[in-house]
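*Asks:* Line by line, the protein sequences are chains A and B. Going by this note's numbering, 276 is the number at position 276 of the first sequence; the sequence numbering is gapless. Going by this note's numbering, 108 is the number at position 108 of the second sequence; the sequence numbering is gapless.
Hints are supplied without guarantee of correctness; some may be wrong.
A few chain A positions that, by computed beta-carbon distances, are all more than 12 Å from chain B [stated by the list, open to error]: (1) P28; (2) L62; (3) A85; (4) S107; (5) S122; (6) A143; (7) A146; (8) Q186; (9) E189; (10) K200; (11) D219; (12) A223; (13) D294; (14) P297.
Some chain A residues near chain B, calculated using beta-carbon distances under 7 Å [claimed, not checked]: (15) V130; (16) F135; (17) L138; (18) L170.
With a straight-line Cα cutoff of 25 Å, these simulated SDA-like cross-link-like pairs (lysine to any residue) come out [to be verified]: (19) A:K259 / B:K125; (20) A:K81 / B:V135; (21) B:K106 / A:A235; (22) A:K200 / B:W287; (23) A:K162 / A:E151; (24) A:K259 / B:V135; (25) A:K81 / B:E146; (26) B:K125 / A:E151; (27) B:K64 / B:R296; (28) A:K94 / B:S129.
I should point out that these hints are in silico values taken from the structure, not numbers from a laboratory. For each residue, glycine too, the CB sits at the ideal point set by N, CA and C.
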Amino acid sequence: MSKPSILQFLMRRKPTQPGADDLKSADPERRGQGLFRVGRTRMRRGETEAALGEFDQALKLLPNYAEAVAARAESLDMLGKIDAARPEYERARKLWAGQRPGAPDRSYLFRQRGRFTFEVDSYELALLRVKTGSFPHLACGNALLAQGHPEEALKCYDRALKIKQNDPDLTALKGEALSMAGRYRQAIEAFDFALAANPKAPETLNARGIARLGLGDLDGANADWRRQLELLPAAEAAARACVALRLADYAAALPELEKAVAHEPNELYWKLYRQTALSRLGKPADSADLLPVDAHPAEAAFQKAVAAAAIDRESARAHWRETIELGPVSLVEVCAAHNELSRL
Amino acid sequence: MFSVIIYGRNDSHGYNLHKRAAISFNALAEVMTDPDDEILFVDYNTPDDHPTFPEAIADTLTEKAKKVMRIFRVRPEQHAHLKNKTHLVALESQSRNVALRRSNPKNRWILYTNTDMLLVSRNPKESLSDILGGVPDGFYQIPRFEIPEMLWEAAFDRKDPAGNLVKLRDWSVRFHLNQVVHNFMPMRYDALGDFQACLREDMFAIHGFDEDMILGWHCDSNLAARLALYRGRVDTLIDKAFGYHCDHTRVAAANNKGRKTTMNSHDRFIWNVSTPYLPNQAETWGWPDVEIEEVRLDRETSYQRFTAGLDRAIKPATVPFTNTSCEWHLFDDLTYDLPHTLPFACDQVLTYPKSTAVMLAATRPDFVSGFATAWRGMGFTGPILVPQECEGLPAGLPGVTTGHFTDLVRKTDLFVFEFGLASQKIDEPTRTGREASALDKRRLKVVEKLFREAASTEADTRPAHRRLARRFIGVNVIYNKYWPIFTDYVGANINPFCSQVLAGSPLPQPTGVKAKILKFRKRA
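With the hints as constraints, model all of the structure from the sequences given.
*Replies:* Right, dumping it as structure tokens:
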């Protein structure tokens, strides 16, 4: 067997079959996803009624499982139960749309919404035939990383990089996984490599800034974000606003936030951030509590710091410290809190 | 709400293109209900002397289709830099990007499909605008179903899109047309390029279609791979609409050579895509700095321009018919009926860009003034360049520039050479055996000399911005002594005598002594 053939043989993967462990798991997330995959397999076999049963069970465990709702809708549709299917399709779309996407200045993969079980399942199937393509590995990696599984995502990216060696885009994604896993030094190496190939990649600059901050290098982080701000096109107001907020540069953030609010009037965070910027610039701001109910505790702490900044400097300092302690280093508020503290 | 982006050219891409395209254009317009909705058709690389494809079939389009359609005409000259890199005459990525760049910014959605598709909402009361207006941001596909050729060709009425959609709903059940063909992710369905709906802002963020894909096929799959990365998912609108494709496999299209078909690489453009973005074309996709002509079917049409020009230049006939003759004994008679000939001369130039500069070397003053009047009336803004070597022509006409031939030849985009008798009056009978006067001969000799020089040196005198040969139009060059002269230098078709006009590109001229002798002997 030639070397490439051996490599392909070793990398050959079996189709996704939910292990018995998944179906017996006490973790509803794991069990629900296992049931979904069984349902999908049954759908493909033409056992539509049986598939419906699996999706129903999955939804009992995970009522907001959009993929299962969509698959259930399609199964009903295939059985001719169109009236029952229609609201289910709508429900799935609403569930996906209701999930909060990641910050728009970060890698595209953090802006994705969903559990991606359907996608991972499909890519796993593609890998049965597509032996020389890095794309399914990369897509699986992205799905895993978006769900917060950096170590598993890393394995996918490494498999992709074996096929498409030294690819700067894949390397940047690997850097994201390393960064999420807290391996900042390795992450920075990966981002350096990617940026050497494409120095004008705003998302990679953002990621390196976060990794640098993870290592405590605030100046290095700010330099990357400033460069990112230079590169981002004017049309990407929300992304520009987030970068400016990371820098705690509220004067730069405010006009971008005005545009973002105009573009997405239903997005609560742009209104909250506009209020934040106005407040930090000493301008009159709406006093309404705009913090979403499901906000991260670090975001709540940051807003407390903003409220205290004008009247009680020590309290603000304490809340900024609290923000940093509570939130991941990638959070806009955590980055901003670092910059606020550095100026006190 | 949405901009539909499709492309093509005025050629014969597969079987009965005209019918399926008309069916499709009308059906797409039929499912639009938002005032901002638009069909963007990129007419790519249609020869300059042809109208765009939608213009050619405009009589078969509904008023609504004509109203919502914007045609972006990409000229052969604009494609010339890619000509040697591909075997194809129409490029999908470039076309779709040209339209995307120029799409209505008010529209949230871009819908990529093709000129043989009918989109049928499952709820007959819902338009596609309603559907897209009601779904969240995302990247959506629908499955494509095939319509047997016999059905669409025999039973569809081009101008009855609503009736066609009703028929489709019936056939889909009676003839079991609705078979969903699933595909590997990220393609989700087979033939995905016939319905990909995505956000306009997403398309700008990922820099459009990949313009390195110039060998045909898989542009849709590449887009799906990149949008699947960008959005994470490929969503379906299978609950909202079905797509039906007018099958056209009786005759293979030019880009279909069976197993020998040249294609863009699967591996490179699908299975090894590693980013949604195309940073190398971030600033250039869709040719933002290139002026692309926009043509409309509901206003300032070619017919309106043609008649506007000619109505200014000539008066209606006052007799039922006039006479001329192509009998051989009249070979040397160079008289011709100007009001009859001018429409055929104008017909040759109408499809060129309005900014075209045209060189007009002529003998008859009334031809020059008539042509100049018609030229302006047809909406041309480019100058008419008249060599000062041509004597006896009217001076000071609006839009006419006079100068040395050697200067003007480097500025012109198009040539018109007219071979008439300078002394002919407008009311003289034609082809009755009239002989040329000494003055006529002198003027004709000048025009002939300039013609030979222009045609034989065309490549050397071409303006720097042009890569393709310029077209030559000969007026009064059929069945007279200028017929062989004109066709020695210009590759013209055989035209009816009645039109009086020939046109074509310059033929390669012999360069070596032997070739020149052979040409001379052949001519002799």
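*Asks:* Give a verdict on every hint.
*Replies:* Structure-based check of all given hints:
no. : hint            : verdict
1   : P28             : holds, 22 Å
2   : L62             : holds, 17 Å
3   : A85             : violated, 6 Å
4   : S107            : violated, 10 Å
5   : S122            : violated, 4 Å
6   : A143            : violated, 7 Å
7   : A146            : violated, 6 Å
8   : Q186            : holds, 19 Å
9   : E189            : holds, 18 Å
10  : K200            : violated, 6 Å
11  : D219            : holds, 27 Å
12  : A223            : holds, 21 Å
13  : D294            : holds, 18 Å
14  : P297            : holds, 26 Å
15  : V130            : holds, 5 Å
16  : F135            : holds, 5 Å
17  : L138            : holds, 6 Å
18  : L170            : holds, 5 Å
19  : A:K259 / B:K125 : violated, 36 Å
20  : A:K81 / B:V135  : holds, 21 Å
21  : B:K106 / A:A235 : holds, 14 Å
22  : A:K200 / B:W287 : holds, 21 Å
23  : A:K162 / A:E151 : holds, 17 Å
24  : A:K259 / B:V135 : holds, 23 Å
25  : A:K81 / B:E146  : holds, 24 Å
26  : B:K125 / A:E151 : violated, 50 Å
27  : B:K64 / B:R296  : holds, 12 Å
28  : A:K94 / B:S129  : holds, 19 Å
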